[in-house]
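Taking the hints into account, I'd like the entire structure generated from these sequences.
Protein chains: 2
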Amino acid sequence: MSHPLYEKHKATLEAGLKAFGERSYWSAYNEMPSPKVYGEDAPAAGKQAFDALLGKQFELDQPGSNGWQGSEKSPYGSELNVQYPACDVDTLVAAAEKAMESWQALGLEGRTGVCLEMLERLNKQSFEIAHAVMQTTGQGWMMAFQAGGPHAQDRGLESVVAAHQVQMLSAPNAHWEKPQGKNPPLVMKKHFELVGKGVGVVIGCGTFPTWNTYPGLFAALATGNAVIVKPHSNSILPAAITVRTMREVLKEQGVDPNLVSLCVTSGHADTQKLVTHAGVRSVDFTGGNHFGHWLIDNCKQATVYAEMAGVNNVVIDSTDAYKAMLRNLAFTLSLYSGQMCTTPQAILVPAGGIETDEGHKSYDDVCNDLAKAVSGFLSKPEVAHAVLGAIQSGATTDRINEAAAGVHGRVILAPQKLENPEFPNAVVSTPVLVAVDAADEKAYMEERFGPISFVVKTADTAASVALSERLVRECGALTVSVYSTSRDVINAMIKATQRSKVALSINLTGGVFVNQSAAFSDYHGTGGNPGANASYTDLGFVANRFVVVQYREHA
Amino acid sequence: MSHPLYEKHKATLEAGLKAFGERSYWSAYNEMPSPKVYGEDAPAAGKQAFDALLGKQFELDQPGSNGWQGSEKSPYGSELNVQYPACDVDTLVAAAEKAMESWQALGLEGRTGVCLEMLERLNKQSFEIAHAVMQTTGQGWMMAFQAGGPHAQDRGLESVVAAHQVQMLSAPNAHWEKPQGKNPPLVMKKHFELVGKGVGVVIGCGTFPTWNTYPGLFAALATGNAVIVKPHSNSILPAAITVRTMREVLKEQGVDPNLVSLCVTSGHADTQKLVTHAGVRSVDFTGGNHFGHWLIDNCKQATVYAEMAGVNNVVIDSTDAYKAMLRNLAFTLSLYSGQMCTTPQAILVPAGGIETDEGHKSYDDVCNDLAKAVSGFLSKPEVAHAVLGAIQSGATTDRINEAAAGVHGRVILAPQKLENPEFPNAVVSTPVLVAVDAADEKAYMEERFGPISFVVKTADTAASVALSERLVRECGALTVSVYSTSRDVINAMIKATQRSKVALSINLTGGVFVNQSAAFSDYHGTGGNPGANASYTDLGFVANRFVVVQYREHA
Numbered sequence: 000m001s002h003p004l005y006e007k008h009k010a011t012l013e014a015g016l017k018a019f020g021e022r023s024y025w026s027a028y029n030e031m032p033s034p035k036v037y038g039e040d041a042p043a044a045g046k047q048a049f050d051a052l053l054g055k056q057f058e059l060d061q062p063g064s065n066g067w068q069g070s071e072k073s074p075y076g077s078e079l080n081v082q083y084p085a086c087d088v089d090t091l092v093a094a095a096e097k098a099m100e101s102w103q104a105l106g107l108e109g110r111t112g113v114c115l116e117m118l119e120r121l122n123k124q125s126f127e128i129a130h131a132v133m134q135t136t137g138q139g140w141m142m143a144f145q146a147g148g149p150h151a152q153d154r155g156l157e158s159v160v161a162a163h164q165v166q167m168l169s170a171p172n173a174h175w176e177k178p179q180g181k182n183p184p185l186v187m188k189k190h191f192e193l194v195g196k197g198v199g200v201v202i203g204c205g206t207f208p209t210w211n212t213y214p215g216l217f218a219a220l221a222t223g224n225a226v227i228v229k230p231h232s233n234s235i236l237p238a239a240i241t242v243r244t245m246r247e248v249l250k251e252q253g254v255d256p257n258l259v260s261l262c263v264t265s266g267h268a269d270t271q272k273l274v275t276h277a278g279v280r281s282v283d284f285t286g287g288n289h290f291g292h293w294l295i296d297n298c299k300q301a302t303v304y305a306e307m308a309g310v311n312n313v314v315i316d317s318t319d320a321y322k323a324m325l326r327n328l329a330f331t332l333s334l335y336s337g338q339m340c341t342t343p344q345a346i347l348v349p350a351g352g353i354e355t356d357e358g359h360k361s362y363d364d365v366c367n368d369l370a371k372a373v374s375g376f377l378s379k380p381e382v383a384h385a386v387l388g389a390i391q392s393g394a395t396t397d398r399i400n401e402a403a404a405g406v407h408g409r410v411i412l413a414p415q416k417l418e419n420p421e422f423p424n425a426v427v428s429t430p431v432l433v434a435v436d437a438a439d440e441k442a443y444m445e446e447r448f449g450p451i452s453f454v455v456k457t458a459d460t461a462a463s464v465a466l467s468e469r470l471v472r473e474c475g476a477l478t479v480s481v482y483s484t485s486r487d488v489i490n491a492m493i494k495a496t497q498r499s500k501v502a503l504s505i506n507l508t509g510g511v512f513v514n515q516s517a518a519f520s521d522y523h524g525t526g527g528n529p530g531a532n533a534s535y536t537d538l539g540f541v542a543n544r545f546v547v548v549q550y551r552e553h554a
Numbered sequence: 000m001s002h003p004l005y006e007k008h009k010a011t012l013e014a015g016l017k018a019f020g021e022r023s024y025w026s027a028y029n030e031m032p033s034p035k036v037y038g039e040d041a042p043a044a045g046k047q048a049f050d051a052l053l054g055k056q057f058e059l060d061q062p063g064s065n066g067w068q069g070s071e072k073s074p075y076g077s078e079l080n081v082q083y084p085a086c087d088v089d090t091l092v093a094a095a096e097k098a099m100e101s102w103q104a105l106g107l108e109g110r111t112g113v114c115l116e117m118l119e120r121l122n123k124q125s126f127e128i129a130h131a132v133m134q135t136t137g138q139g140w141m142m143a144f145q146a147g148g149p150h151a152q153d154r155g156l157e158s159v160v161a162a163h164q165v166q167m168l169s170a171p172n173a174h175w176e177k178p179q180g181k182n183p184p185l186v187m188k189k190h191f192e193l194v195g196k197g198v199g200v201v202i203g204c205g206t207f208p209t210w211n212t213y214p215g216l217f218a219a220l221a222t223g224n225a226v227i228v229k230p231h232s233n234s235i236l237p238a239a240i241t242v243r244t245m246r247e248v249l250k251e252q253g254v255d256p257n258l259v260s261l262c263v264t265s266g267h268a269d270t271q272k273l274v275t276h277a278g279v280r281s282v283d284f285t286g287g288n289h290f291g292h293w294l295i296d297n298c299k300q301a302t303v304y305a306e307m308a309g310v311n312n313v314v315i316d317s318t319d320a321y322k323a324m325l326r327n328l329a330f331t332l333s334l335y336s337g338q339m340c341t342t343p344q345a346i347l348v349p350a351g352g353i354e355t356d357e358g359h360k361s362y363d364d365v366c367n368d369l370a371k372a373v374s375g376f377l378s379k380p381e382v383a384h385a386v387l388g389a390i391q392s393g394a395t396t397d398r399i400n401e402a403a404a405g406v407h408g409r410v411i412l413a414p415q416k417l418e419n420p421e422f423p424n425a426v427v428s429t430p431v432l433v434a435v436d437a438a439d440e441k442a443y444m445e446e447r448f449g450p451i452s453f454v455v456k457t458a459d460t461a462a463s464v465a466l467s468e469r470l471v472r473e474c475g476a477l478t479v480s481v482y483s484t485s486r487d488v489i490n491a492m493i494k495a496t497q498r499s500k501v502a503l504s505i506n507l508t509g510g511v512f513v514n515q516s517a518a519f520s521d522y523h524g525t526g527g528n529p530g531a532n533a534s535y536t537d538l539g540f541v542a543n544r545f546v547v548v549q550y551r552e553h554a
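So the sequences go chain by chain: A and B.
Note that numbering that gives the first Met the number 0 gives residue 470 to position 471 of the first sequence, counting from 1, and the numbers run on in steps of one.
Note that numbering that gives the first Met the number 0 gives residue 241 to position 242 of the second sequence, counting from 1, and the numbers run on in steps of one.
Any given hint could be a false lead.
Distance ranges between label pairs, derived from CB positions [as the list claims (entries may be wrong)]:
{"no.": "1", "chain 1": "B", "residue 1": "Gln300", "chain 2": "A", "residue 2": "Ser23", "range": "56 to 64 Å"}
{"no.": "2", "chain 1": "B", "residue 1": "Glu58", "chain 2": "A", "residue 2": "Asp487", "range": "39 to 47 Å"}
{"no.": "3", "chain 1": "A", "residue 1": "Ser23", "chain 2": "B", "residue 2": "Gln56", "range": "55 to 63 Å"}
{"no.": "4", "chain 1": "A", "residue 1": "Ala10", "chain 2": "B", "residue 2": "Glu176", "range": "50 to 58 Å"}
{"no.": "5", "chain 1": "B", "residue 1": "Lys299", "chain 2": "A", "residue 2": "Glu247", "range": "53 to 61 Å"}
{"no.": "6", "chain 1": "A", "residue 1": "Ala461", "chain 2": "B", "residue 2": "Glu176", "range": "30 to 38 Å"}
{"no.": "7", "chain 1": "A", "residue 1": "His292", "chain 2": "B", "residue 2": "Ala48", "range": "48 to 56 Å"}
{"no.": "8", "chain 1": "B", "residue 1": "Asn182", "chain 2": "A", "residue 2": "Asn490", "range": "30 to 38 Å"}
{"no.": "9", "chain 1": "A", "residue 1": "Asp459", "chain 2": "B", "residue 2": "Glu58", "range": "44 to 52 Å"}
{"no.": "10", "chain 1": "B", "residue 1": "Asn172", "chain 2": "A", "residue 2": "Asp487", "range": "14 to 22 Å"}
Treat the hints as calculated values from the structure; they're not laboratory data.
Built from N, CA and C at the ideal position, the CB exists for glycine as well.
So this is what it looks like as structure tokens:
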């Protein structure tokens with residue numbers, strides 16, 4: 000007997016499996032925050048649901064609760080004042096382990112069906128979650144809705160689909176019959192049970208509390224594991240809403256809700272205790288190198304899937320669409336004030352300049368034209384605020400100020416602080432662009448997270464290609480981009496990025512941007528360079544989260 | 000254009016993919032050392048080829064060669080005196096990395112086709128390899144042929160099939176078209192390249208130099224990587240023959256043969272240098288806990304797939320086939336003198352005895368009857384030598400002597416040294432059985448590799464089930480077995496083994512033995528208990544050995 004929720008969502012699963020293999024465009028959840036799609040009342044109801052959470056204790060009914068915590072500061076300056084239950088780590092892990100029994104009993108189809116139901120519920124909450132994402136991360140509204148809602152749900156669904164794909168490849172039962180010449184054959188019946196490896200911990204980041212959390216969360220869950228979500232201390236609310244909804248679905252299905260829980264800790268020691276707990280068998284992490292490497296070095300009992308820092312780069316060799324290239328780059332550098340793990344930091348331009356459809360452009364021309372393209376794009380305040388959002392952390396503001404002071408090199412575009420009329424306390428900054436020579440490696444060869452980019456002067460395009468490869472190998476990267484009218488240069492970049500193992504975008508001049516990756520088609524990270532040891536979502540992201548345990552007996 | 004070797008072996012691949020999913024009986028390579036199967040001349044030609052290797056330098060034409068090494072001692076006392084090229088580690092790794100370029104250029108189908116050709120060639124060499132396995136490991140002839148030849152090839156093939164399965168799931172190219180309402184859609188073309196993560200090192204063990212080497216070797220190779228095989232210092236020859244044949248196939252195909260090389264080191268320091276080399280991205284290991292954990296702790300740049308020590312166990316609750324049970328266990332304990340990672344070490348019997356088709360048997364009855372079954376089974380010398388083979392290492396002889404001296408408990412079956420008329424210098428020993436109380440944990444709760452087993456007296460079957468689970472959780476295990484006429488007890492064991500993540504065999508009384516696992520049906524190890532962090536061959540064994548690197552551009 001198949002599970003009712005598996006039957007209910009079977010068409011979604013099947014479409015997802017098809018898209019996952021074909022890598023063509025597919026999305027299960029509509030990215031437009033439109034009342035026509037989500038219902039006439041959805042925008043207002045979502046806002047109301049969000050407002051109702053503010054200034055309150057966020058009930059989750061988790062075990063081991065020993066107080067309330069929470070001190071999220073909105074980059075928009077809004078008052079949040081939400082308090083979350085702080086729970087004892089050992090109690091949470093023990094409850095998660097226990098909950099895995101009822102999850103196991105549901106079987107593959109049941110587990111997959113429940114995950115799909117959870118995603119559908121989260122989709123219906125997209126407006127509420129979007130407000131929570133916007134106010135905790137500083138994303139603009141449209142990005143908060145899309146990346147925080149449907150795109151995150153798509154990534155979660157992609158994990159469920161990948162997990163189902165890899166788990167369905169092996170038969171649950173087998174009849175094994177080995178010929179013995181003239182004697183009767185040896186006959187065995189065998190059963191193969193898919194068993195989750197143990198509790199998963201998912202550590203969220205401050206900028207994309209759902210988009211970077213759902214892949215690991217649903218990968219671990221769909222492969223039979225319990226999950227404890229440990230959100231970033233400044234972006235708890237989107238994770239808390241997510242966990243609460245998932246627990247509700249579990250309760251409805253008669254599964255122990257402690258299968259999914261939220262861990263709000265009072266400090267680093269508690270987090271370290273959690274991730275090194277013997278019962279924890281996987282850790283998904285998005286964040287900086289320091290803690291990422293600490294996890295890899297110290298969580299010996301677990302597999303660590305880590306997305307860390309990188310220096311994304313763009314190689315500009317030549318173009319037949321100069322204005323469109325600059326426009327594309329201007330949007331890319333401005334989007335969420337460069338606070339994306341996919342934003343380019345180093346833009347490599349030959350000292351001799353580049354050929355374009357508007358004639359030869361010197362290195363300085365490119366610097367000035369790019370600066371103008373950015374400031375032009377952001378000249379209308381309503382566009383600027385919608386695209387830039389707000390600066391998520393004080394550390395990013397410090398980095399902007401440092402770059403603006405000329406510490407790293409010649410400032411070719413100074414950052415501007417903007418006043419957001421809707422949120423007078425929001426911290427808003429336009430990007431800063433710095434011109435440096437390729438030899439100034441200290442300036443650009445480490446991640447400077449935020450709206451800080453470098454136009455790096457290289458000897459020539461061959462040097463740019465080599466530097467791009469070296470940046471990926473040594474500093475890591477999630478994205479590389481190239482502009483060239485020469486197929487030889489493009490092919491050289493294809494080879495270089497295949498060697499250094501990073502995704503390449505070629506001549507983006509329209510409505511696709513290097514910092515965007517689409518679930519079911521684009522892989523986010525390859526897992527093959529220092530920027531990330533895993534990929535959303537290849538089969539390696541899910542295949543090691545469960546084991547196959549067999550029994551066999553004479554038939 | 001498909002690769003000719005892919006076309007040549009396509010039927011094997013397709014049959015393998017089908018069997019891999021269905022988990023039913025399938026074998027590509029015939030396990031009978033029969034002239035009818037392998038050709039009338041095959042046995043003699045294989046012996047001749049083996050003899051021709053003895054007392055010589057084994058040429059491999061590898062780079063960085065700086066002398067000759069080799070000091071294999073045959074457990075049969077035969078003279079081997081084969082010398083192998085010792086090569087500089089940095090040179091081998093650099094050559095392997097360089098060779099990956101031509102391997103990459105071959106594409107998925109080409110790489111898979113070449114791997115399948117290699118396996119076919121190795122299959123034709125089964126007699127030669129069997130002699131090499133027999134004389135270096137001490138296995139009996141039939142086991143050396145089967146486990147060293149066709150069964151090892153089946154496991155290698157299984158890795159190629161698993162690797163192909165996981166790599167073929169994602170399309171190499173995609174057309175991505177995203178609707179934009181009334182505007183023209185965004186259209187991109189995308190390519191997804193499968194790229195090996197880097198050089199793999201496969202560290203062989205002294206007892207199964209091909210069976211435990213081929214899975215990692217072919218998994219790494221079939222996912223686009225170069226492989227350096229580091230054999231056990233006493234079982235180099237089977238690996239050397241394998242590597243030479245694989246290099247020949249590569250040369251014929253115009254691929255740089257340094258894609259596969261042999262690393263014979265002069266000591267531990269060289270091995271440590273090899274496995275921690277920045278270019279090495281995977282390490283496959285079979286061996287003891289000490290070095291296994293060293294690898295996991297120190298090879299931070301690589302993924303380590305390790306099969307280590309364990310305490311396999313048998314729970315005896317009751318049986319309706321007492322004699323057949325004892326016969327099955329007698330064979331299991333005798334096979335290759337217990338020098339298998341799958342041999343049971345702890346046999347758990349209730350203090351109150353067991354119910355059987357021959358009436359109640361006390362704990363002491365079971366001890367005595369099992370001892371008699373073993374000695375009876377081995378009473379014919381020709382059977383004894385064929386099944387026992389010889390003792391592979393002096394450390395195993397020491398452990399046998401220690402157990403025989405009663406250090407661990409009451410000896411219920413003393414080991415016998417046997418004279419092998421064909422090999423007068425062979426070290427041959429029958430198993431030793433020791434009776435202990437469950438409280439004597441120090442005796443049986445660590446691996447005592449070799450023909451040393453314990454009949455452990457437990458309070459009752461419930462205590463046996465609990466102890467079995469604890470043994471797996473704390474000491475690791477590759478196999479667990481249960482004998483019971485009660486479905487409740489069997490179900491309790493099924494639950495216990497699913498929790499502790501170990502394969503279970505139920506009521507084996509015929510021609511299937513707990514220490515045997517069949518490729519394409521039985522998983523060897525689960526990867527979920529301390530005995531092994533990987534499994535032959537689930538998709539997790541192959542899915543993390545490569546990455547997907549994409550590029551995208553406007554269509």
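We went through each hint and held it up to the structure:
1. The hinted window of 56 to 64 Å between Gln300/B and Ser23/A is violated, with their beta carbons roughly 36 Å apart.
2. The given range of 39 to 47 Å is respected by Glu58/B and Asp487/A, whose C-beta atoms sit roughly 42 Å from each other.
3. As the Cβ distance of Ser23/A to Gln56/B is approximately 56 Å, the hint placing it in 55 to 63 Å holds.
4. A hinted range of 50 to 58 Å is violated for the C-beta pair Ala10/A and Glu176/B, which are about 21 Å apart.
5. The beta-carbon spacing between Lys299/B and Glu247/A, approximately 41 Å, falls outside the hinted interval of 53 to 61 Å.
6. At roughly 35 Å, the beta carbons of Ala461/A and Glu176/B sit within the given window of 30 to 38 Å.
7. Range check, His292/A to Ala48/B: about 50 Å between beta-carbon atoms, so the 48 to 56 Å window is met.
8. Look at Asn182/B against Asn490/A: about 32 Å separates their beta carbons, and that is inside 30 to 38 Å.
9. At roughly 46 Å, the beta-carbon separation of Asp459/A and Glu58/B lies within the given 44 to 52 Å, and the hint holds.
10. A hinted range of 14 to 22 Å holds for the C-beta pair Asn172/B and Asp487/A, which are about 21 Å apart.
Of the numbered hints stated above, those contradicted by the structure are hints 1, 4 and 5, listed in ascending order.
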